[in-house]
Structures are given as structure tokens and as C-alpha cells.
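Peer 1: Could you put together the complete structure from these sequences and hints?
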Amino acid sequence: MNVQDIMTTRIECVDAESSVYDAVEKMVDKRIKSLVVKFPGKKINYGVITARDIVFKVFSKGMNPNDVKNSEIASKPVVCIDQGTDLIEAAKTMTNSNIARVFVCDGDNIIGVVALIDLMSAALIMRARGEDVP
Amino acid sequence: MFLKKLFSYGRQEQKVVNRINDHIKLLCVTCETFKSGFEKNDRSLLQKVIDLEREGDFIRREIVSEIYEGAFLPYLRPNLCKFVEIVDRVFDLLEDTAYNCIDMEIPEELKGECTQVAFLNIRICEMLLITFNAMLNGDPLREKTLAIRIYEKKIDDIKLGLKKDLHKIRINNFWDGKILSEFISGLTMISDIIEDAGDYLQIISVSMK
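Here the protein sequences line up with chains X and G, keeping their order.
Take the first sequence: its letter number 128 is residue 127 in numbering that gives the first Met the number 0, and every next letter is one higher.
Take the second sequence: its letter number 50 is residue 49 in numbering that gives the first Met the number 0, and every next letter is one higher.
If you're looking for bench data, these hints aren't it; they were derived computationally from the structure.
Even glycine gets a Cβ: it sits at the ideal position worked out from N, Cα and C.
Take the hints with a grain of salt, since some may be wrong.
Said to hold, decoys possible - Some chain X residues judged to face chain G by a derived CB distance under 7 Å, without partners named:
1. ARG9
2. ALA90
3. SER120
4. LEU123
5. ILE124
6. ARG126
Peer 2: This is the structure we're talking about:
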């Protein structure tokens, strides 16, 4: 089993120049914990903003989310892996970078995202199928 | 194990067990055929899904009549028949979904996620087969039914997104809208029924311990 089998293909994005409030609204509305941040420019340029970033870098400091741009708190660049990467490699990448999700890229395009819960689910499925569990 | 003894006892029982196995295997093949037909937009493959549903019906009738001709203890018969009926509902749903797919062109923006659901449907069917065989061996089913639920949850998540995308598509006549809506509902409901079948195996297993 590789990351292509378990990734979530629906990627939600926000503009780097829009406010954190927009990001919060989108996360709550769609019940997700991270958003891809699109930076302006011709070259494809992505960052990522998570619920953790918003709480730690905005709310806990008493800042108004309307006054903070996504670009100010986004992590950049995003950590990418290839769609053929196996689960152990994906887990190692997440461990080494200390991140909870890794993006699956095809060239310059983000085609999916794999989160910790996806890796745990995949491990359970592999156990149930009698395959070697990482 | 008690279960294994119970299920392997007698030629008639063995025949039923083998046919249920064939029934679920055929379901996996039907799901694969559907996915290929959908992906390649191949009408002959989608037509084959309809033929496979008839084959599934034939096996179901054979299993049910074999059971009521005396296979298994009477208290087990309704449970086994119910399980076979649930699996048969998946065949029916695949047939309806294939018909809908033949009848209309699926919008390009929905194709990617629909293909992903079709792929997960194959996986969840395979998991049902694994669960059935585990039940025959008297193995614990907890991990297997959990895997089924994980697949079902994943398809449910995709369904939510698909339904939102569906609202954005411009529909020019009532029937196109109806067929498209039924196609999405059918495709995403298969996993719900497989989950029911998995739960039923768990019930059969527990009730015999």
C-alpha cells in the first residue's frame, strides 16, 4: 500500500494575502484542520496553515484574526512526497520534519494530503488484510 | 473452533459456504468491472455489470434453496439468508448505478472522486470476503470490521464533498439531474450496505459463541 491509496484528494486553499479570519471560517465550515496557502506569483508557490498555527500564533497572543494575513503565519515551503511513496517513508518524513501531514505532489501540483490519521487507518487496514504492518 | 466445525460439517453446509464465498468473490469482480467501465467510459463493461448482477441473483437463489433444503441448524438459517440478501442488495445497487452511468455523461469535475469511491468499493468488498473467511476460521472479527468501517468513513467523507460539488453543476433538464443524483447516491451507498453485511457477520459470529 502506498500513499496514493490513502491520501485525501480534496485540497482546500486560501490566498496568502487574505486574513486568518477567512482561513478560520473555511476550516470551521469544512471541518478541516489545515489549508494550503497560495502565494502570489507566476511560479507555483505553496505554504500551509493549520489550526495549531492559528491558535498558537494568533489567538493565544490576543491578536485579531482579521488583522493577520495568512502569509504571516503559514509554514513554507510545504513538505511534499511522491504519490508512489510507501507508508513507512511517509511516516519517516513526518517524523523527521515533526509535522502532522505531508502533501502528495505530482511535479509542481499538490494532488493530495496524507495526515497522521490516514497513516493509522492504513496500518489498521493492513493488519486486517494480513499484510506486513509498518 | 466451534464455528469452523459448525460451518464445515456436512456436504450440504460446505456447498453453501462455498457458494457464499463465490457470491462475495463475484461482488468483488462486479465492483472491479464497474470501476473499469466507469473509468474508461466503456459501455460494454458497464453492461457486463448488469450481467454479473444476474449471475449474483442465480447464486443467491441457489444458496437460499440449499439452506432451506436442510443445510445448517434451523436457528442459523435466517441469519445466513439475511446475510446473503444484504450482499445481493449491493449487486442491485451496482446494477442501478451502472444503468445510470450508461444513461448519462458524468461531469468531468466529478469523475476523479467517483473513481476513487469505485476503487474503495473494491477494497471494502475484498475486506468483506476476508471477514467472511475469518468467521469460518473462528478468528476474531474486530479488526476486520474496523477496516470495513474505516473504508466506509473514507467514502462518507468523499460523499460530502461530492454532494457539495453536485450543487455547483448546472442541470438543464429534470431527468439528467435525477439520474446524476441517483448515480452519486448509489455509488456512495454501496459501502453503507457492505458495512451492514460486515456487522451482520459479527452478529452471526457472536450469536454462535
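Peer 1: Out of the numbered hints, which ones does the structure contradict?
Peer 2: 2
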